[in-house]
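Chemist: Spelled out, the chains give:
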Amino acid sequence: MTDLLQLVFSGMATGSIYALAALGFTLLWQASGTVNFAQGEFVMLPAFAMLVFAKLGLPLLAAFAVTCVLAVVVLGWGFKRGIADPLLKFGLMPIVVATIGLAIAIRNGMRAGYSAEAHPFPSLFADRLFQFAGVTVSLADVGTLVLALALVLGTQAFLARTITGRAMQAVAQNTESATVLGIDVPRMVFYTFAINAVLACAAALLVTPTYLAKFDMGESLGTKAFFAAIIGGFNNSRGALLGGLIVGVCENLAAAYISPAYKDAVALVIFMAVILFKPQGLLGKKVERKV
Amino acid sequence: MSMDAAITFEGVTAGYGELMILDRLDLRAARGRITLLIGPNGAGKSTVLKTLFGLLKLRQGRIRLFGEDITGAKPRELLTQHGVAFVPQGRNLFGQLSVYENLELGGITLGTQETRARIPEVLALFPRVRERLHSAASSLSGGEQKQLEVGRALLLRPKVLLIDEPSIGLSPLVVQDVFRLLRRLADEQGVTVLMVEQNVKSALKMADDAIALEAGRLVLHKPAPQLLADPDIERLFLGGGHVPASLATP
Amino acid sequence: QAIKIANIVELSGAGATSGTNFRDGVLLAAKEINAAGGILGHRIETTTADTQSNPGVAKGLAQKAVDDNVFAVFGPVFSGSIMVSMAETKRAEIPNFTGGEAAGITKQGNPYIFRTSFTQETAMPKIARYMAGPLKAKTLALIYVNNDYGKGGRESLMKAIEPLGMKVVADISTDQNQVDFSAAVLKAKQSNADVVFVYTNEEESARALRELRKQGVTKPIVGETTLVGQKVIELAGEAGNGAVAHVGLTVDAPVPAMRAFRAKFEKEYRYIPDHNGIKGYTGVYLLKAAIEKAGKPDRKAVVQALHGLKVSAAKEPGVILDVAVDNNGDLDRESFLVEVRNGKQEIREVLPALSKK
Amino acid sequence: MSRISLAIGALVMLVLLAVPPFLKNYGIYLFSYWLVFVIATMGLNLTIGYAGQKSLGHAAFFGLGAYTVAILMKAGFSFWLGLPMAMLGCFAIGLAIGFPALRVQTLYLAFATLGFNTAVWLVLRNEEWLTGGTFGINGIARPGFLGLSLDKPLAFYYFVLAVACLLALVLWKLLASPWGKAFTALRDNPIRAESLGVDTRAYTLLAFAIGAVYAGVAGALFAPLVEFIEPAPFGVGTSIMMYLMVVVGGAGYFFGPLLGAAVGVLLPEWLRFAQAWYLFFFGLAVVALMLWLPDGLLGIPERLRRRRHARDANAQRNAAAVRAEEPA
Amino acid sequence: MSPLLQVTGISKSYGAIQAVDGVSFEVMPGEIFGVIGPNGSGKTTMFNSVLGQIAPEQGRIALKGRDITGLSPVELNRRGVGRTFQTLQVFGKMSVRDNLLVAAQEHRGTLLSRMFAPGDSGLGAKADALIAQFRIGDVAHRKAGELSYGQQKLVDIAMAFMSDPDLVLLDEPCAGVNPALVGGISTLLKELNRTRRASFVVIEHNMDFVMDLCHRILVMVEGRVMALGTPGEIRANKQVLDAYLGN
Ligand SMILES: Nc1ncnc2c1ncn2[C@@H]1O[C@H](COP(=O)(O)OP(=O)(O)OP(=O)(O)O)[C@@H](O)[C@H]1O
Ligand SMILES: Nc1ncnc2c1ncn2[C@@H]1O[C@H](COP(=O)(O)OP(=O)(O)OP(=O)(O)O)[C@@H](O)[C@H]1O
Ligand SMILES: [Mg+2]
Ligand SMILES: [Mg+2]
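Residue numbers (the numbering used here), protein chains in the order written: chain A, 1 to 291; chain B, 292 to 541; chain C, 542 to 898; chain D, 899 to 1226; chain E, 1227 to 1473.
Rather than coming from a laboratory, the hints here were simulated on the basis of the structure. Among the hints, a few may not be true.
Taking lysine-lysine pairs in the DSSO-like style, the calculated list, with each CA pair at most 30 Å apart, reads [what the hints assert, rightly or not]:
#1 C:Lys700 x C:Lys679
#2 C:Lys700 x C:Lys728
#3 C:Lys837 x D:Lys922
#4 E:Lys1369 x B:Lys365
#5 A:Lys55 x C:Lys808
#6 C:Lys631 x D:Lys1050
Looking from chain A toward chain B, a few residues come up when the C-beta cut is under 7 Å (computed) [unchecked claim]:
#7 Arg166
#8 Ala167
#9 Gln173
#10 Val180
#11 Leu181
Heads up, the beta-carbon is just placed ideally off N, CA and C, and yes, glycines get one too.
Next comes chain A alone, as it looks inside the complex (with noise of 0.2 Å):
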């Protein structure tokens, strides 16, 4: 019993870690109708940036709102600009394809600009152990789990609540709809990429530790972050969350229980599972009407 609940919690702790980086995907998808392939390295480049000002002597937390501006500039706002603005209206082919590229170059670029190795990456979280019902967790495992939490309800909470996250979801609907409005769709648009970004830094500082920083942390990162999402249900964040848990957990309890060997085909038994009863994801809304 005690052994089920150990797993139940490390697959919590790393299902966090996945919710994160999903977080990222509906977001996207939610606020702008797109799919990043890169989404993986989007938090790989957050977390070298942090290194390096780290190096630099600053604190973590000084490294981390560094790393955030710069993230808003580059993530955000040269995604927007280089990759976004050209591709949103030829759908979703050139951009999926366009971010693969991209993922491959800032791999690649990182690889041979930077570093191939693995990097240690400081925790914000003291290297504390308790033991709980029988259960050793650590300070870092509860930590993530519960930031995870809150960044994914307030990023459900601003989409769902606050009239610029409508009009987020507004232009990713019906763009041209938007325009008509005289909804400020390159600024929207540009929200969209900037929280995104934000929400990679946020993710790198709390992945980062377990991944360790490296080039292609965002390779295995990314791919798991996807099944979260598809899981959870693309069109809602909380579904990232959900997604993220039930991902984590399952893999545990199936590495343990069935066969470790087997354990990366849980997400697609689940998936296929669940999308017998609802195709469009755990939490995902279903899209009425067609005709």
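Put chains B, C, D and E with the ligands on the given structure of chain A with help from the hints.
Modeler: Just chains B, C, D and E with the ligands now, with coordinates in the frame of chain A:
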């Protein structure tokens, strides 16, 4: 025509990519009046409205609004600085958002407070829409959606209203209501209306002027009553939408 | 006339870290040799190409090397890739130095393949002896990475412990890039084995060590070279202390030549090399020794010279440790039993080369 | 086909026939490798480009083809048995993989296929008794054909070329038949298609199955080309690359895969001069290509055609206007 | 004479909204049947239920005496039922002519034989005739998605007639269509009705069109049938005037 012109096209050439639909088009719509834009399918009526509202780039020519040059102005500027509102053809809602949220976004240039205060006014005009206030916009019926769209534009209390075939999908009673409403706006508030309609007969009855387009060119511009009174009017409807020579404005 | 060396390694994809280390080792050695006047007066010319950790690409690159008529090929490191590319070099009779440790490579009867390190089959018996001896272990929990490296090691380990009466009671596969080791560690813990044997790549080793500590596993933690690498110690922090491993090549070996190498490498590339860096470096010096023994840069003669070649570090400091090549192209040299103490590798024992036993 | 595209086709054919004998082994190998990917992406172009089914699991079929041939050949059977088996197997599994597509679309479908690919890859990696696991299968012989040995790189290249041409012809025919329009209709508006009697279910499944067969054949050629297979080249990464190739070449353009596979396979090789940075430049090149031609490389002729049509239409309009202005 | 289409008591609700509430009617062979009603009265929902686009919660639908409740749109089309949509539904990236060709090709031969059939399935002449009839000749080779609203509407309608269906359900065919062509559509329907005894069910808000064309008219209000009768009867019905037609 000596009337005070609200909208003026001066030799406007515009279209989609390389394909030019409007060809050195000159066109005027008078202030405080309802101008009806008619023509066969594909004549370029919607293109006129889209160009005017800054959604299409001009290749040539100028557009003036109350004398002021607005060539190349963005929709947002037209909305906020010139009081122009536009109801495009087809469906233009945010399907996954609720009816109320759609209305709120309609007033995004007004500010939330102001918008919320005005929403009940609009809902009073369209009771069907009020009943479905918290449903997703995409779940509404075709006509209900159109009503919502018209309401969303009226929310802005525009000085100039561009409206593209409002009658599509609306039931006869509602069409009457909308036409009457437009008439009232023009008469009482001096709103300039430029309206495209295929429902020509009833539209002519409520409009002040009529403009006919064919293949991107203006072929007729007359006061609506004069046109209605013309004995040749039936030929306008039977001749494939083409304006018979007897009706055309030289 | 220059001696052309083609460096065909994993610079991207799963093997990027290993490949980069190997390449840098080769380049460093080539640079030094050239600075010292080359091999028998011939300069070394290197080209580097990335296999993307993909055997299909590796094959093409090997063909390109053959087309370019290079003198020798270095790499790839991944066993799958070397299996493919060495068929090409064999056909063209070009000596090929690999970083691969899978036992099968030298069992194909290819006279042109040479290793730059131990195979898992020579390494595993050494560590098995340690577990059976000082640790008196009867059972072990094995956490391995599910790739050719991990699987190969697992097979060799099984073979090595069998005659010693040890048994694997928990056989736990993990993934490359795995982040969460809680299930794996839990399984190991539940098995209550005498020893936990960890055989994964560096970063995963660090994560496993942390998780082992977190779950309070007190059994001895044993492994191979990668478990106690400098990188692992850096990444695992305190959790690394106490881990014991057999290390074929380590920059922490208490040998002056190794210290010198480490310093040079770090100065040049600004990171601490792992065993693959040493492999690439010593590999080139092995080639140098062979050419010098053959007396001329002639491939056939060099290949002949390589079989049965013995190089002492005293004569050729570039090989760092005394080394012998057998007729299959396998290597033999002394190795170390290392324990991590206070965040540092400490040599517990120097294990003699097999031939000196 | 217009005269220009016929001429271009003939020129390409000429290059493909005449140039390789002048190349060294590496060049020939690259050409063969490229053709293998052309075959695979031709199939994917049908699934994605024509039928609009977002598939991110094409490499799974590629792998199934390769392993079927390799395993059968290791068991002593001929390549010529392995090939049809691979095609048949891929067709059947492709049909099965079409079923999720009947329930879910776009991203969810992309995930379902991606998950399928992961599952296949896990089986290839873990079922060592069958697939050799991570050690792979070594020494896959190149087949003979009517007594001719295809062992030499050039001979095998021409063999791959012949297969590619044959498959291209079949696809061409298929797309020119009513099927082609049915696939496109399915992509553009499945609801309207249904109401016109287009059996979207059947065509969805077929789009996957036929695409899978092409991947299977490509895999079956890949195995003897490299003479060694292991699970790595058949993972999700390759599927994503194949998707990239289709889109970069021009999804829904017949010759798109030719260019797309060139970008995916040959471009990185050309960029090798950039040393450690070559994949960085490759990634940037892909981004730049998309920015320049969002419809893919074959969007260029289409652009030119549109421009011509627009000019004609404008001229026509002007002429008509001038006529109208003249007094009768 | 037995009815061609028989709809018995179909209902469909969305949460609290009863979109269609126990609607029954019959369409006779060779009849042109109108459906009118205020916005949101459930006309389109009723169509979609009949056509297998959505599943009705209750009720039965029969075609030529055979139960077709729950059959898929594909199956219905195979049985000779065509339709148009209220919202624009064309194949946006295909040319107008291809739109028409694909609209009937599935009625020729079998799946397998179509693989070897010529590209236009021998339907070219027919498509060209309809293109001329709907005056979309000058855009016949343009992509359907790039046409004006009315032009797309015309393509949609033309598609429904490509396969010579026995019964066509048209949802607001005249919306956005130029008056001259509205007359054209009316003529076409009448002619098909006369020569082929084809039947039509038409939802339309254009009263001139409906009154002139239809043999019988069904009025729906709030999901229910309010009246059913000849145009004369409907025009005289006080209730209908109040609810729908106005003065
Ligand atoms: N997005 C587009 N891309 C290319 N051509 C277009 C586009 N939209 C419209 N057109 C073309 O421009 C011409 C005029 O279109 P427009 O929409 O202005 O017609 P309209 O007069 O409004 O017709 P309708 O009465 O059918 O609405 C048509 O020939 C149409 O095919
Ligand atoms: N998917 C849905 N979810 C929720 N409500 C729906 C849905 N579809 C239709 N409705 C509601 O059912 C009612 C009937 O809609 P329907 O589209 O059938 O009306 P209609 O008679 O065709 O109207 P119109 O003349 O405006 O096209 C409307 O109030 C509509 O809002
Ligand atoms: Mg229009
Ligand atoms: Mg309707």
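Chemist: All hints are to be evaluated individually against the structure, with a verdict given for each.
Modeler: So, going through the hints one by one against the coordinates:
1. C:Lys700 x C:Lys679: Distance of about 15 Å is within 30 Å: holds.
2. C:Lys700 x C:Lys728: 23 Å, holds
3. C:Lys837 x D:Lys922: 28 Å, holds
4. E:Lys1369 x B:Lys365: 28 Å, holds
5. A:Lys55 x C:Lys808: Status holds; Cα separation ~19 Å.
6. C:Lys631 x D:Lys1050: 16 Å, holds
7. Arg166: 5 Å, holds
8. Ala167: Hint holds; Ala167 (chain A) Cβ to chain B Cβ min 6 Å, cut 7 Å.
9. Gln173: 5 Å, holds
10. Val180: 5 Å, holds
11. Leu181: 6 Å, holds
Consistency note: the structure conflicts with none of the earlier hints.
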